[in-house]
Amino acid sequence: MALTSAERKEAISAFIFISPFLVWMIFLMGGPIVAAFLLSLCKWDGGFNPIQFVGAANYLEMVHDPRFWKAMGNTLYFTVFSVLPGMALSVVVALLMNQKVKGIGFFRTVFYLPSVMGASVAVAMLWKWIFNADHGLLNYLISVLTGIPMSECPGWLASEIWSKPALILQSFWSVGSGMIIYLAGLQGIPTTLYEAAEIDGANKWQQFWTVTLPGLSPVIFFQLIIGIVTSFQIFNQVFIMTDGLGGPADSTLVMVLYIYQKAFQYYQMGYASALSCVLFLVIMIVTWIQFRYSKWVYYEGELRK
Amino acid sequence: MKNFRLSLLAAACFIVIASAGCGSHGSGTKIKISSWGDLQENAILVNLIAGFEKTHPGVQVELERIPFNQYVPKLLTEVAGGLAPDVIFVEVNNFTDLYLRGALEPLNSYMKADNFTLDGYYPQVVDRFTADGTTYVIPRDTAPIGVIYYNKTAFDQAGLAYPTDNWDWNDFVLDAKKVMKTDASGKVTRWGFIDEWPIWDAWVYDAGGSFADDVKKPTKWTFALDPDSLRGVQFRSDLMNKYKVMPQPSGLAAMGGVGTADMFVNGSAAMYYSGLWKVPQFRQIKDFKWDVVMFPKNPSGYRAFPTGGSGYGILKSSTHKQEAWELVKYISGEEGAKELAATGLAQPAIMSVSNSPTFLDGQDPQNKKMVLDAMKYVKYNPMCKNWFEVHDSVIGPELDRVWNGTETAKEAMEKLKPLLAQNVPQTGTN
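Heads up: the sequence lines are chains U and X, in that order.
Under this note's numbering, the residue at position 60 of the first sequence is numbered 60, and the numbers go up by one with no gaps.
Under this note's numbering, the residue at position 129 of the second sequence is numbered 129, and the numbers go up by one with no gaps.
Do not take every clue at face value.
Said to hold, decoys possible - Computed beta-carbon distance windows for the label pairs:
{"no.": "1", "chain 1": "U", "residue 1": "15", "chain 2": "X", "residue 2": "424", "range": "51 to 57 Å"}
{"no.": "2", "chain 1": "U", "residue 1": "281", "chain 2": "X", "residue 2": "217", "range": "35 to 41 Å"}
{"no.": "3", "chain 1": "X", "residue 1": "182", "chain 2": "U", "residue 2": "64", "range": "44 to 50 Å"}
{"no.": "4", "chain 1": "U", "residue 1": "194", "chain 2": "X", "residue 2": "186", "range": "58 to 64 Å"}
{"no.": "5", "chain 1": "X", "residue 1": "301", "chain 2": "U", "residue 2": "229", "range": "56 to 62 Å"}
{"no.": "6", "chain 1": "X", "residue 1": "281", "chain 2": "U", "residue 2": "149", "range": "31 to 37 Å"}
{"no.": "7", "chain 1": "X", "residue 1": "424", "chain 2": "U", "residue 2": "150", "range": "43 to 49 Å"}
In short, the hints are calculated from the structure, not lab data.
Predicted model only: the values in this text are computed from it and were never measured.
Even glycine gets a Cβ: it sits at the ideal position worked out from N, Cα and C.
With these hints in hand, go ahead and build the complete structure from the sequences.
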């Protein structure tokens, strides 16, 4: 189909605008992705010996690798129990921060502040201290509130049972970064809808379910996808808080940490590449499923049948 | 606009200067050596290199310092990128990684041509760096991990006699128990014992246990099948869970920046297990007196513990091997050994230097000569490519449960048997 000259002009300028990203995508992302896939079919120690083609051997090895399954399981556990509660918490905080109260700007800043530091090494070190079983702030708080002596409180990072809950708890630290996006979403919901709902006699609760949530759903959908993708890739916190081991007893061994260990501690670049390809595939599938079942997302102006 | 021109000019100047910097040393041969180590250690090498350049005109040496935990990954990247060093500093464990990958140049012909012998070096560390009769690394130092630092003042307060090198596990536990201190609420304020990192291998070796059938050419893992290994693991667990003289990992795992050495320095652990390298740090202690004693024997009188050690080798990929050899010879000679001895950081691999007043300088620790004797008991890790993976990723996680007291050593060993059976030591070069 021939383009009119105006359309062609528009297409050209569009390409010019996205060209920096395209270049980045093709050379700096695409290249390594293709390289990683090819490497996943090989054995390579990373430098000294030539690359050796082994076909699907790395993928077959994974099936019998208990640590692979352990890492997958831990990653899924973390994703399931951190993303949804984290999102719910963010929405709640956003709703609170959406009130017209004096000094609300201050409170918003306070809640957002931890996210500025994000998942940095310093924050992970800080939490390592908070989780310390014998001297940590968290156990101190628990023992003050409940009267349970500190020695009987959870061992957190040192305990096989409590280490994953500790990581999840720590992930709520950056609830503020979700909050700020929901806050923007909340303020984008037209007040006329609330007025109409009020005239129809809807109470606050009904307004929340029928106006606020649908209005927020595109943002929730976006947050869900991003949240799941990033939680599948959790690494920094675990690496710092467990000294790169994923312990105790592999209870915090997550996929990216396992990939790191295989590549840079045990020099199995091919196997590590295969692991990353599998992780990539899993994230792709999970994201596809989310899009497939995204009918619940309401886009303003869209016609519903 | 004026500013823009000015910045352009500045940039141009910078480029000219930078390229001049590269070009001005263009004559002669340039070789590169990579190393890790703290600043004090590094200064020794810098001095030695300066001396080498003076006596070897026409050869220039570039020193690259890499943090220890990134050392081999960085070397691999450099090799892949064609920027590999000629001479490398290696220790007894990453030696295995490099040797088994065929990365190291055999040194026998160079040694023969120069009549260079290793007769005066500790035979144990020489042997470690030798495979099938071929030498790959000239040793710099040896580091038996058999040093227990103890707080003399704490021993005095507890009314205890100082331990002797002749002590065994029973004496050790008795002392550790008596030297403990608790406050009114029952909280421990001074532990009996702590190790620098979980050095559980030592208890395995000391009990007479083993990891593989043959250190040089391992063909199968013996660890889980060996009742002595089990005994060693159980004893370390008992120190935490039965005798309670050593803090459980729960109290340590999340210590943040505080290492266990700080617990010895601030008096909250009376005995500290490590190697000799802690001496410079502990010489700063003002609050109490301390000394060293050898790692205890097991009750039947046998003794063994792991060891470190390091030296210099040449990468096969080097294009200036003769110059690289000259450098290796120069920096691993007596002069460097003496400087190293004087820092107190390490025990030189040259026996006469370790036996001289330069090393045994009369400073603390008074019982320093113990490490000369300790060489009799050192054990090296099995030489295979998957040693660290098996040690840290197969055995380690299972033993975490033993240290936490949720599993006995016997239970852990039963679980490890099938895992280790399907995981053979990899000794091939690829």
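Looking only at beta-carbon atoms, does the pair residue 182 of chain X, residue 64 of chain U fall within the given range of 44 to 50 Å? Holds - the Cβ-Cβ distance for residue 182 of chain X and residue 64 of chain U, about 49 Å, lies within 44 to 50 Å.
Beta-carbon spacing of residue 281 of chain X to residue 149 of chain U - inside the hinted bounds 31 to 37 Å or not: Cβ of residue 281 of chain X to Cβ of residue 149 of chain U: about 35 Å, so the range 31 to 37 Å holds.
That 58 to 64 Å hint for residue 194 of chain U and residue 186 of chain X (C-beta), does it hold up? holds, 60 Å
Look at the Cβ atoms of residue 301 of chain X and residue 229 of chain U and judge whether their distance stays inside 56 to 62 Å. holds, 60 Å
Satisfaction of the hinted span 51 to 57 Å by the C-beta atoms belonging to residue 15 of chain U and residue 424 of chain X: Taking Cβ atoms as reference, residue 15 of chain U and residue 424 of chain X lie about 56 Å apart, which means the hint holds.
Regarding residue 424 of chain X and residue 150 of chain U, is the given constraint of 43 to 49 Å on their beta-carbon distance met? Given a distance of about 45 Å, which is inside 43 to 49 Å, the answer is holds.
Against the range 35 to 41 Å, how does the distance between the Cβ atoms of residue 281 of chain U and residue 217 of chain X compare: consistent or not? Holds, since residue 281 of chain U and residue 217 of chain X (Cβ atoms, about 40 Å apart) stay within the stated range.
Hint compliance for this structure: no hint is broken.
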